[in-house]
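A.B. asks: From first to last, the protein sequence lines are chains A and B.
For the first sequence, position 342 matches number 342 in full-length UniProt numbering, and the numbering has no gaps at all.
For the second sequence, position 110 matches number 110 in full-length UniProt numbering, and the numbering has no gaps at all.
Since the hints were derived computationally from the structure, they do not count as laboratory data.
If you're wondering where the values come from, they're calculated on a predicted model, not measured in any experiment.
Heads up, the beta-carbon is just placed ideally off N, CA and C, and yes, glycines get one too.
Residues from chain A that face chain B, not an exhaustive set, calculated with beta carbons under 8 Å:
(1) 46
(2) 112
(3) 128
(4) 159
(5) 177
(6) 183
(7) 204
(8) 227
(9) 229
(10) 232
(11) 272
(12) 343
(13) 417
There are 2 protein chains.
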Amino acid sequence: MWTVEEHLEDILSTVRPLEPIELRLLDAQGCVLVEDVTVPVPLPPFDNSSMDGYAVRVADVTGASEEFPAVLDVVGDVAAGQEPGLRVGPGQAARIMTGAPLPPGAEAVVPVEWTDGGLGAGPATGMRARSQAPEGASGQVRVFRPAEAGAHVRRAGSDMKAGDRALTAGTVLGPAQLSLLASVGRATARVRPRPRVVVLSTGSELVPPGEPLKPGQIHDSNSFALTAAAREAGAIAYRVGAVADDAETLRTSVDDQLVRADLLVTSGGVSVGAYDVVKEALSGPAPAGGDNGGRGDDGDDGDEEAVAPGVEFRRVAMQPGKPQGFGLIGPDHTPVLTLPGNPVSSFVSFEIFVRPVIRALMGLPEDQLHRPRVRAVLAADEALSSPRGRRQFLRGRAEGDRVTPVGGPGSHLIGALAQANALIVVPEDVTSVEPGADVEVVLLG
Amino acid sequence: MWTVEEHLEDILSTVRPLEPIELRLLDAQGCVLVEDVTVPVPLPPFDNSSMDGYAVRVADVTGASEEFPAVLDVVGDVAAGQEPGLRVGPGQAARIMTGAPLPPGAEAVVPVEWTDGGLGAGPATGMRARSQAPEGASGQVRVFRPAEAGAHVRRAGSDMKAGDRALTAGTVLGPAQLSLLASVGRATARVRPRPRVVVLSTGSELVPPGEPLKPGQIHDSNSFALTAAAREAGAIAYRVGAVADDAETLRTSVDDQLVRADLLVTSGGVSVGAYDVVKEALSGPAPAGGDNGGRGDDGDDGDEEAVAPGVEFRRVAMQPGKPQGFGLIGPDHTPVLTLPGNPVSSFVSFEIFVRPVIRALMGLPEDQLHRPRVRAVLAADEALSSPRGRRQFLRGRAEGDRVTPVGGPGSHLIGALAQANALIVVPEDVTSVEPGADVEVVLLG
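Given these sequences and hints, build the entire structure.
C.D. replies: The following block contains the structure:
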């Protein structure tokens, strides 16, 4: 019997983060950056206006007021994206737009609301569109307030300087980090890719939803739950339909799928029965693989053979989820986690073992591998009982600092599982938990 | 000047959740169910074994012990997915696998570990694979412990009964809910789809990342940030490259994109300058649309014309993010939100206005539209200042119950934005916040 920690530790110490690749920015969303990114040119690259207004010389607007405005000649427009083709001399102003470069000669920007906008009246509320009123780029403007040097000017490098470190290796790329990468000119980022997880359920009793049931049959649900959960954890997940309890069929399916798998997850067929196909098919020599799809490193053959392939099946001291398996198979030594087939067992096993593996493959740090855990007060009508020597994961509904069990401990209770948002953890040495007790809770989603 | 609440309320009271469609289960992940789903047949559909073991009659194993085992004739195997072709008579047992239907005549299951597994020795640890050892399905088995009626049997309907409500309308479909839908035989679910959000940035100064900058140019970052943020909020997001500050070009781009948009989000061109192209292009009559791509309802023409199209541009009492616009455009009255162009302004505007709209389009309930807000202690060296009459959203880093400002209030500071995980909210009537003060914080991601 392995403890939960021993099994998890064995898996996490074996799997390695995926090799980094260069991805386009939006394909890298949610991925972990593996390089430090430095700023190649100052951000912003040039002094520019932070307002729509007029670029002026400080001396020309000193002491300006509504009563005694400074009257300046407008020598033209500076729009964003233009290299200014003009110079602001004494007694002159250039109309300037937010983000446009400060033209030579100018020292400050006065917002259009501090001027008459060239209309000869009181303070303007804005400019008319250039396409409708081209005359706004010429004539005279009355400025009603003074401006200090640098007023409403964003200096080159005021956001970041060339050589600054924009992002450090290990950063998870969300919207703001992608924005920064784009800002410094990066179209791609070097990241660990999302793992490709192939999900395969086994069981001759399984029929795809939407098809009628014959006697003895049920609908395959695990492959849907596990695929969705793998995606939610950050993976690119592929669902393979349920495979019948035949070792040769399963071996062929696994062989076929390995080419697109960074991780293989199976459900069912791992217990002590006479038809436990996963155990039968994967305990033996690993799938031959044959054509490795061009992904293996042929020069590594010697090393590959040094690692014994195949899956080791174990009993883990937990409920549900006792029968587990882990190993490396195929030419790329793809990690495989074989989960038990009861719906609740496979769901709990995913949360406790598979989710951390997916996140470790992504290169996420230790503190982001697992679901958050909190303490809560058990809100229940009667004591919970739990088998000695097994860590029990009961389904619960956490609200505030309380958690209420939903459904019983039966590992076939899918209805209750769909009402749960948490797992209540009962330690190995506890056999009964009274209402009102303080319990550990794993928060799902 | 509109308040933040007035602008948001105007938008949310105008947009309607998207029309429901039938989606395959894994395509419906994260979507809101719009129908109550009832259980058509009991779950499980038949009495079945919860263990690998032997199906027996209670009377035959009464009083059984290791010293005085019950010795039964094994009449065959019942595997999962099979309709049992056998009957368990007095003095008989059938080998049975987890999930297999309880055969006629049997009343309980004894786990294989409570028997000799047919090997004539002590308690077995499991069964040998049928394919390797077919003799296990015959011969005799010694049973070492009694079993009550129904032991290790999951009764038909013990999870859910026919007619039970499996899920109610309004449920968000995560892994467990998809599992339940699959279990009750549903291959599809009726949900509101994820909104298709088209993101379009404007500005003649914008160059795609990866391309060199000429004088006066910067890299487009908003379209990446907004596209990534829209996805994170739940949308299917399409990034359109930056459009130059030309009204006709923008109108054409918008016309082209409307066919695939449930929501259009623009950045830039909404302030008081002479080149504010979004204002110029979208204030006037809405884009003609012409070919509506087959998505419009032609019979609705009269009604469509009753709603005045076009975007209303507003000043909202916030910093950053003062210039905002909202309206419905095109033949389908597609909602459009026009955000200011400064990177921090567009980012904050997205969080405060666009994210709730995306989630409202998905049909999520009111309490799931917005980011979580908490109170935190301001950890800062000096007081924060904020303009009177404007709600300020400063970037901060929240850790535990403390929040530290990162970067200054400048809306071009992308470097600091990438370090933030929270927005610090300074109310309209507050102009200064002392270190140690209790502040409202919006938690991002």
